[in-house]
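Go by the hints and put chain X onto chain W.
Number of protein chains: 2
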Amino acid sequence: MVAKQEIKFFIISDSVGETALNIAKAALAQFTDVSPVYFRFPFTKTEERLDVVLKQAREKQPIIIHTLVTAGLSHKINQFAKENKLVCYDLLNPIMSEIVKRSGEQPRGEAGAIHRLNDRYFDRISAMEFAVMYDDGKDPQGFLEADIVLLGVSRTSKTPLSLFLANRNLKVANLPLVPSAHIPGQLWKVDPKKIIGLTTDIAVLNNFRRERMIAYGLNPNTAYSDTKQITEELNYASQLYQKIGCYVVNTAHRSIEETATLILEHLDLDNYGSPKP
Amino acid sequence: MVAKQEIKFFIISDSVGETALNIAKAALAQFTDVSPVYFRFPFTKTEERLDVVLKQAREKQPIIIHTLVTAGLSHKINQFAKENKLVCYDLLNPIMSEIVKRSGEQPRGEAGAIHRLNDRYFDRISAMEFAVMYDDGKDPQGFLEADIVLLGVSRTSKTPLSLFLANRNLKVANLPLVPSAHIPGQLWKVDPKKIIGLTTDIAVLNNFRRERMIAYGLNPNTAYSDTKQITEELNYASQLYQKIGCYVVNTAHRSIEETATLILEHLDLDNYGSPKP
Numbered sequence: 001m002v003a004k005q006e007i008k009f010f011i012i013s014d015s016v017g018e019t020a021l022n023i024a025k026a027a028l029a030q031f032t033d034v035s036p037v038y039f040r041f042p043f044t045k046t047e048e049r050l051d052v053v054l055k056q057a058r059e060k061q062p063i064i065i066h067t068l069v070t071a072g073l074s075h076k077i078n079q080f081a082k083e084n085k086l087v088c089y090d091l092l093n094p095i096m097s098e099i100v101k102r103s104g105e106q107p108r109g110e111a112g113a114i115h116r117l118n119d120r121y122f123d124r125i126s127a128m129e130f131a132v133m134y135d136d137g138k139d140p141q142g143f144l145e146a147d148i149v150l151l152g153v154s155r156t157s158k159t160p161l162s163l164f165l166a167n168r169n170l171k172v173a174n175l176p177l178v179p180s181a182h183i184p185g186q187l188w189k190v191d192p193k194k195i196i197g198l199t200t201d202i203a204v205l206n207n208f209r210r211e212r213m214i215a216y217g218l219n220p221n222t223a224y225s226d227t228k229q230i231t232e233e234l235n236y237a238s239q240l241y242q243k244i245g246c247y248v249v250n251t252a253h254r255s256i257e258e259t260a261t262l263i264l265e266h267l268d269l270d271n272y273g274s275p276k277p
Numbered sequence: 001m002v003a004k005q006e007i008k009f010f011i012i013s014d015s016v017g018e019t020a021l022n023i024a025k026a027a028l029a030q031f032t033d034v035s036p037v038y039f040r041f042p043f044t045k046t047e048e049r050l051d052v053v054l055k056q057a058r059e060k061q062p063i064i065i066h067t068l069v070t071a072g073l074s075h076k077i078n079q080f081a082k083e084n085k086l087v088c089y090d091l092l093n094p095i096m097s098e099i100v101k102r103s104g105e106q107p108r109g110e111a112g113a114i115h116r117l118n119d120r121y122f123d124r125i126s127a128m129e130f131a132v133m134y135d136d137g138k139d140p141q142g143f144l145e146a147d148i149v150l151l152g153v154s155r156t157s158k159t160p161l162s163l164f165l166a167n168r169n170l171k172v173a174n175l176p177l178v179p180s181a182h183i184p185g186q187l188w189k190v191d192p193k194k195i196i197g198l199t200t201d202i203a204v205l206n207n208f209r210r211e212r213m214i215a216y217g218l219n220p221n222t223a224y225s226d227t228k229q230i231t232e233e234l235n236y237a238s239q240l241y242q243k244i245g246c247y248v249v250n251t252a253h254r255s256i257e258e259t260a261t262l263i264l265e266h267l268d269l270d271n272y273g274s275p276k277p
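As given, the protein sequences belong to chains W and X, one line each in that order. Per full-length UniProt numbering, the first sequence starts with residue 1, numbered consecutively. Per full-length UniProt numbering, the second sequence starts with residue 1, numbered consecutively.
This is chain W alone, in the form it adopts within the complex (with noise of 0.2 Å):
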């Protein structure tokens, strides 16, 4: 096996440096052969630790990805870079220049801008912790207060994507479905729109349960992974959902990203979890 090519790179902001991870990380997704070694450096407010940084760069001369944006500090990095002949992406400065062009405001200046606690950072909160509260049906209450009620078997990712759309302020509630069960009577009370059928394939639940029963240290070979019955329980599922009326997405090749993004799409908002425009 030939080894893996390396690349460092240099992720720096004034801020936590998490947006400027995930470019690098996106454009690392489109090779194989590349190991990537990323180095951080959040947090750098001031001249010397950026001078510190600088100058660890000049020796390992790696990718630098940035978004500064105090004053001053994006200048000195990319006037260093050009000196010193390094790889530098600037992903900010040169948007809020297109900014400034067109509505005449100068920038703050100030790292950290975007995590600034404001009004929809505490409803972010709330949401996260109506999410945890009213998972798994814990509390059929609270489909009435749910901006949206995810349903599905076992298995669908009910609760990683009520997380990842609460951190889109949205209150998710979400109610496993068991054939055998009693559905709440506080589900038929809620708008049809609101509510996501989730499903997915045969051979991909299958797969998971064994994998989740294998994790318990369990015979992977149960009633749970059993294919006869996983049918049953997509149909009855299925069938609740016609009864409903509700929107279905299939998860079974799709990231969390991926469905959360469609549900959004479906119900015509933005990322803030506010209608679009």
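Note that these hints are calculated values from the structure, not bench results. Any given hint could turn out to be false.
The list makes no distinction among identical chains, and a pair is therefore deemed to hold if it is satisfied within one copy or across any two copies.
[To be verified] Calculated pairs, EDC-like style, for lysine to aspartate or glutamate (alpha carbon to alpha carbon, straight line, at most 16 Å):
no.	residue 1	residue 2
1	K55	E265
2	K25	E110
3	K76	E48
4	K101	D33
5	K228	E59
None of these values were measured; they are calculated from a predicted model.
Quick look at chain X alone, frame taken from chain W:
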């Protein structure tokens, strides 16, 4: 009041478009008087779909931010923007070109590669389920399996922080601290390095709790929001943290992202919850 300057953004991706949107939001956070209107075009994977978007772009003259990686599409949009003098930021291809230069490998040109369902992805889902299962001290058995145990009095962001760290593949359990309540014996069996004590400022906590009471339709002036009681609770927590010898973070003026980054830095973990290079 002067009306805010409206600026249109086209967020175009052949995957979900999360990364491009975050870049736009981070740039926007630097401006107070600009009102962004986001038009999102996720899953733009075909020339036909892109043509529709480009036609709209010519009309609306937005700031275009894209993360297209599908072979052909990124070239097409960049070319179109040039010919029609549209403002267009290509976030990934310049970085991908540099990776090609360093590795000699050609990109796969496959949309959504970052969301492919690998082991790491399933670990993340397990971590999220773990966080929900062991939230709020529900089952102290979780402390023994957790990568991180968060302690804190009510309203110190334990739940959202647990979920955020779960997104980094870390198994997190949390325990609310109440002076009169019993501390589960399992806590003393946990490596103190894995324990994080959350604290906050009296005024911030008082404010939070009053708001919570108001949200519940209750009188905000209860013992729960009483400054004297809050001081006692925080002192109790502080003494416990000293006894355990754990790392302490004040969450008073920090966002979840910032607190989480401090914790990851303290534990010398990278963004995947793995040891740093």
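Consistency of the hints with the structure:
no., hint, result
1, K55 to E265, "neither (46 Å within a copy, 21 Å between copies)"
2, K25 to E110, "between (25 Å within a copy, 14 Å between copies)"
3, K76 to E48, "within (12 Å within a copy, 43 Å between copies)"
4, K101 to D33, "between (41 Å within a copy, 13 Å between copies)"
5, K228 to E59, "neither (61 Å within a copy, 54 Å between copies)"
Violated hints for the displayed structure, listed by number in ascending order: 1, 5.
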